[in-house]
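**Q** All chains, please: the whole structure from these sequences, using the hints.
If you read the sequences in order, they're chains A and B.
Start counting the first sequence at 0; every next residue gets the next number (numbering that gives the first Met the number 0).
Start counting the second sequence at 0; every next residue gets the next number (numbering that gives the first Met the number 0).
One should not assume that every hint holds.
[To be verified] What follows is a set of in silico ranges between Cβ atoms, one per label pair, in the way DEER data are often shown:
(1) Met187(A) / Glu41(B): 38 to 48 Å
(2) Ser62(A) / Lys153(B): 42 to 52 Å
(3) Asp28(B) / Glu104(A): 43 to 53 Å
(4) Gly8(B) / Arg37(A): 32 to 42 Å
(5) Gly87(A) / Asp63(B): 39 to 49 Å
Just so you know, the hints here were simulated from the structure itself, not pulled from any lab data.
Idealized CB from N, CA, C, for every residue including glycine.
Protein chains: 2
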Amino acid sequence: MKQLERLPGIGPRSAERIAFHLLRTEPEDAFALADAVRDVKERLRHCTRCFNLTDTDPCGICSDPKRDASQVVVVEQPKDVLALEGTGVVRGVYHVLMGHIAPLEGVEPSDLTIEALLARVRSGTVREVVLATNPTVEGDGTALHLHSLLTPMKVQVTRLARGLAVGSQVEYATRAMLEAAILGRTAM
Amino acid sequence: MKQLERLPGIGPRSAERIAFHLLRTEPEDAFALADAVRDVKERLRHCTRCFNLTDTDPCGICSDPKRDASQVVVVEQPKDVLALEGTGVVRGVYHVLMGHIAPLEGVEPSDLTIEALLARVRSGTVREVVLATNPTVEGDGTALHLHSLLTPMKVQVTRLARGLAVGSQVEYATRAMLEAAILGRTAM
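**A** Structure (structure tokens):
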């Protein structure tokens, strides 16, 4: 119970409930959990190409011959890869920056995997870099920094569309969202 | 108090508080409120050009010589005009549909101000129609219907950008939002 309580979002009551559940469960189920916890530390690592979390190197996406290696989608963190993969529309591969530039928090460009991204582009196999950083101050700042580094490199640089959220209403949209939606309006 | 209680969001307690406030207030303040309430019914009408709510005809936006009358932003309801005007980036004029097509609720195209919109475009002064209906099932359906009517009319038809909301995070975006953001990605 003491070990379980150290996990985020698990208090003494939840820890107790989980502990008694484990007592009742089949040994192989409990061992599967124990092995998975061990594996996180022993087998999960960062892909040396895209820095996504993986148990093989290169990761399953980087080594998939059906993916378009000439399109690199740049995200801030491994969670974003999961979110984008959920859509099923990304045909390219990824590059995980491992954060965003935030000078006030002491995160400089050199703390991210930017050098590795530039090396991938320099290798000549990349046709398009899709900047999929968050549409926040830090994400936009990071995207602008990458754009300035990539511009001289003869690669197409795009970024995720921003505007109205699908299913939302004009009436309740924030000013910033409406502004992005008008200025970014597209031909039908 | 009985009259006040009939307003939305005002219960017996609020009605009492407002009534006693009116008793204490200067006569001219109370009369100003009374006149405003009367004016809503007596003077507010729909602009005969754009169908926005107005107390002059044509409305202040339609009659403003500084607005670009060749760009018509089509919205579902007068509230949407207020929201879009809040951004300060719309240089054109508006056309209020007074709803969206919703066959299940008995709202047919002929119930909206679509015929008047087509007449405005036919007059030849409109260069661009910006479809700013809500990014919902009904709003999208209405936009598609308008698009099919406008396509033969030699006018540019655009729609509001959709994608990630400004200030949101990739990690928490819905699948539909991420899909729109990837497919609609723009050159930087």
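**Q** Which numbered hints are broken by the structure, listed smallest first?
**A** Hint 4 contradicted; others consistent.
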